[in-house]
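S.K.: In case you want the letters, here they are:
Number of protein chains: 4
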Amino acid sequence: MLTFESDYTEGAHEKVLQRLFETNMEKLSGYGNDKYCTEAKEKIKTLCQCPSADIYFLVGGTQTNQTVIDAVLQQYEGVIAATSGHVSVHEAGAIEFTGHKVLEIPHAHGKLQADTLLNYIKTFYADENHEHMVFPGMVYISHPTEYGTLYSLKELQSISQICSKYDLPLYLDGARLGYGLMSKNTDVTLPDIAKLCDAFYIGGTKVGALCGEAVMFTHNNTPKHFMTIVKQHGALLAKGRLLGIQFDTLFADGLYFKISRHAIEMAEILKNAFEEKGYTFYLNSPTNQIFIVLENSKMNELQEQISFSFWEKADENHTVVRFATSWATKKEDVDALVSLL
Amino acid sequence: MLTFESDYTEGAHEKVLQRLFETNMEKLSGYGNDKYCTEAKEKIKTLCQCPSADIYFLVGGTQTNQTVIDAVLQQYEGVIAATSGHVSVHEAGAIEFTGHKVLEIPHAHGKLQADTLLNYIKTFYADENHEHMVFPGMVYISHPTEYGTLYSLKELQSISQICSKYDLPLYLDGARLGYGLMSKNTDVTLPDIAKLCDAFYIGGTKVGALCGEAVMFTHNNTPKHFMTIVKQHGALLAKGRLLGIQFDTLFADGLYFKISRHAIEMAEILKNAFEEKGYTFYLNSPTNQIFIVLENSKMNELQEQISFSFWEKADENHTVVRFATSWATKKEDVDALVSLL
Amino acid sequence: MLTFESDYTEGAHEKVLQRLFETNMEKLSGYGNDKYCTEAKEKIKTLCQCPSADIYFLVGGTQTNQTVIDAVLQQYEGVIAATSGHVSVHEAGAIEFTGHKVLEIPHAHGKLQADTLLNYIKTFYADENHEHMVFPGMVYISHPTEYGTLYSLKELQSISQICSKYDLPLYLDGARLGYGLMSKNTDVTLPDIAKLCDAFYIGGTKVGALCGEAVMFTHNNTPKHFMTIVKQHGALLAKGRLLGIQFDTLFADGLYFKISRHAIEMAEILKNAFEEKGYTFYLNSPTNQIFIVLENSKMNELQEQISFSFWEKADENHTVVRFATSWATKKEDVDALVSLL
Amino acid sequence: MLTFESDYTEGAHEKVLQRLFETNMEKLSGYGNDKYCTEAKEKIKTLCQCPSADIYFLVGGTQTNQTVIDAVLQQYEGVIAATSGHVSVHEAGAIEFTGHKVLEIPHAHGKLQADTLLNYIKTFYADENHEHMVFPGMVYISHPTEYGTLYSLKELQSISQICSKYDLPLYLDGARLGYGLMSKNTDVTLPDIAKLCDAFYIGGTKVGALCGEAVMFTHNNTPKHFMTIVKQHGALLAKGRLLGIQFDTLFADGLYFKISRHAIEMAEILKNAFEEKGYTFYLNSPTNQIFIVLENSKMNELQEQISFSFWEKADENHTVVRFATSWATKKEDVDALVSLL
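Protein chains in written order, with the working numbering: chain A, 1 to 341; chain B, 1001 to 1341; chain C, 2001 to 2341; chain D, 3001 to 3341.
What the hints contain is simulated information worked out from the structure, not anything from laboratory work. Note that the Cβ used here is the ideal one computed from N, Cα and C, for glycine as well. Some clues are possibly wrong.
Incomplete in silico selection of chain C near chain B, CB under 10 Å [stated by the list, open to error]:
#  : residue
1  : Y2031
2  : Q2074
3  : Q2075
4  : Y2076
5  : M2133
6  : F2135
7  : Y2166
8  : K2224
9  : H2225
10 : M2227
11 : T2228
12 : I2229
13 : L2236
Model the full assembly from the supplied sequences, consistent with the hints where possible.
M.R.: If you want it as structure tokens, here you go:
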């Protein structure tokens, strides 16, 4: 069985595991107060050209979104997100669990549109009193989005400008950030993101780590007592070294980018094959996720030898499915898949 | 510097890391739906003589307490705990964050007393209406307690009986369970705990794992839709394998018990040395934590060569400190510490 | 200035106040345990032909929605509502505050459509696993809706059947229920509602009371310890008599229905006048709220002598506004308004 | 049956009801934006000698405590209160429901002691890191306390100074404030309270109103978007006039103080009678609540003709009971009670 089901089916990059081994018996302080966490943070700040940033390591994506959003919002505020956003749909209500509404607005292939956002925000400053409504307190975007799409630099700048104008922190969910940065079709860099966002996270779980996400508050804007808030959310890892060592390894010698690029290359081969063989793309994703519309009979046939993800029903006879590559995808598996198409 | 500060200063037992390496590139389903999680659960159920139990792996202790307690309680209920309980003091309000009051009652060296518990519960069934009060909905104990003390089997049975009588689930926090089970001064076994508690967790983080706690619901009493609740709390690990493989290794060939026993043996040597050299014990702990009352001048002197934990002020001139051993403590470090006393 | 701004601009019906006066110095138990609450409940149960119902009196609408929805839902569940629902838009996130997502689906003039509802629910029972999503746990409708529209009996039956089939409690927000029941264009009666809904409330605040809503759980399905939950939400009134006496008066001798019918009659006169004079209706509302599309210049002109509510912008030059009648609307004011149109 | 069970067994003072009648058909804006609310606020600000204060009217005491405490606290903070405090015991966990821990500390007859408070707070600034604990974010006191006792001006000043020093807002629950201010044994005035507290409320429900509490933030320190927070808690009354008119009446011509003094006078007569007849006082309360220790047989005998409150068991044979007077207590009932003692 060939597996293209998701980008988290393997463990960690070999170098990451190796480093955990080498440092294993060192006695280190808990809760992120160890030298590896410190060194990893320095490396990331340098890469982001953001020396004054604060960085924290959390374990998973939903946990990170929940903790950051709850920490940043005032209690009467909600977070604006696309109706397709991970926080809107696939986090089991983790945001609402903390008392905040997700203010869902329409999107284009997973991306918030600047004009949609602006019109939504404007209603809170126009016409009439809105004190009976949930006030927008921050904006959530994902990059790549849940559909694998990417914001252009210009789109990101427009959204960032709107957020600045209305004093709404912009938060970017980078669960698959490596795959976004290494896409051939992007003009957005890590320093751009650090400059345009108030907070974002660099995903580790889906890009070479066993677990772990690196949250950055970009300009001395870490919520007060953030570590206590992390603890209060049950999100503080005792052995913070597990996260620090992984990120320190991923951000040494460009490993994070190298392995991300590999996933993109594997996806490119696959996409070309799908195209050549006349498959229908659900949308054009420039990252590591490929969305294909299959006839149900074809889907059933392929499922006998390949595992991929159900995405949604297209119509009675067709289904949208997802193929994902990752840092761990082997060329031979891609070739094998291509030969089956 | 000799480090006896806590039982989570090293990484994981070598065999655990080795196993992560060996299985690293296997393609496995996420969220705990992998064969290693399944196998680890089987091993634990067998050891607990509790074939009908449900087991879930979570990442950390506070997270586990928060998720389980919130899942078990009705919304109008609180959890009874000792005033010294981890949930009462050192979880940054993680329980209250989920809307539930911790109903704190007095303790003896960290242990709930059956009669104190019974008297407290009885007030809710006697005299007068209590519909303006938080109703007790479960009982939390830790074993070993935060003071390293242990319940005797008889004590545990008494508490369990009271809980049964009043239909209050009994939940045991086993963050350091291995050290409790391997103490020379215990008559409580793992099957006893599985039999007497409605839910409990076996701690991994402090006993040989990088992270991870194994929660057991002992008698088909898992809260409905528990996985969704875990996700909602931001506590669902994408690569569940990280937890499954660790527990599968720890519970193969008695490794968990062997390494726990080692910590106890190291603690015994230390305790004997403290006793011989006339140190004052704050209390008698039969597990891996030793609480000593030091004159402040002596404390400052020792701190130059040994790191240990501040516990609390005893009086103006004395301080209670904690020395902890663990699965990773080296005999040579214990000897070195003894020679410095 | 003529005021048609809302249906809560006056105090209470004279008979309600009179009764508060007469009973004022009687010594009564608090928290709803008084004879007037009991008598009011009996009257309402009789009118609903629902002798086994449980009734509770709460103070306001948002409070009632928040308390009932939070009490009925399991913690991992959300409430389905129209995107235009009061709980979706105008309660400042009171539902999310209790940890639950409002699962918003499209509507027609404020009404949930049975097929939209069914399709939405079905996705949770089809295709794939949904344990990472908020599970629907109940359905919220308002009747009259926020647009003054009404469900037909057949529509209500369809929704009720879907809810029954999927075991989702159906909850009806009757903030303006009197105006719905007394509409000339309805075939829905109070016993119908009691039969088809699992819970609903009869609004007092907008129909003759100073404050107060009567919540009914229709078939021995009151959430366990509901009074404690009410208290926990800060919603338990010490002098429950204030609510009991008002409802006992409103439901004696058909007063509630009589004063509701008056509001409808006043609205009918107004609607006829708007129609005759060629005004554009935003939609056809059969109850006490009239939605008119005005040219902005006309709106400004009318505002000099009449106060009404801004509803929403129609386009650059037009605005949707609302005129509301109530139990307290005087015929002479309606005539004066008509003469100004 | 003579009723001395509580201070909320009657409706409202006659003048309050009369005023509701007189203003009943005036058309007023909702949600507290009416002239009566404005006038009532002006009167209270003048009496408090606190012209820059902000005042809000809420419906009940638990609601007020819940809303104010949740609005003032940061999410990682808790509220310090006596173990006997209303928020600690008798609000069904309404504070924890909003995610905040009540940090309970010992008391003397219901009063926080300055040195106990100081020592508790100091631990958060000394010794060691407390980022795993709930940080104290405000201090809650009640005056009169739940035991009817009163702080002296000096005691209140001491607590206020500690709060100022550690930047902890001091909040005073004045559910029975009138009875405290009119006690013969107090040197604390309304302006003292406004000066020494950051927020407090003047209770209406127990002092002449049908419902209603007036919250004051004393120095431009109203939490941002407080009305939205009130709405979010389900605590915003549509017909705010109900509260404004009541408080405007109670604070015209000293009515609030006059009727409070009456309750005190009635209590004084009762206390003298208890003393003369050799009854045992549980404690010395200078306000409208009298706590007596009765032999159980005597209690049963008295209960045949008098209703009073069970407070707590004293021992196997004795019970603490409470007799309460109020603004509505009739001299003839007091005389009748005295004759039965």
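S.K.: Can you list which hints this structure breaks, lowest number first?
M.R.: 7
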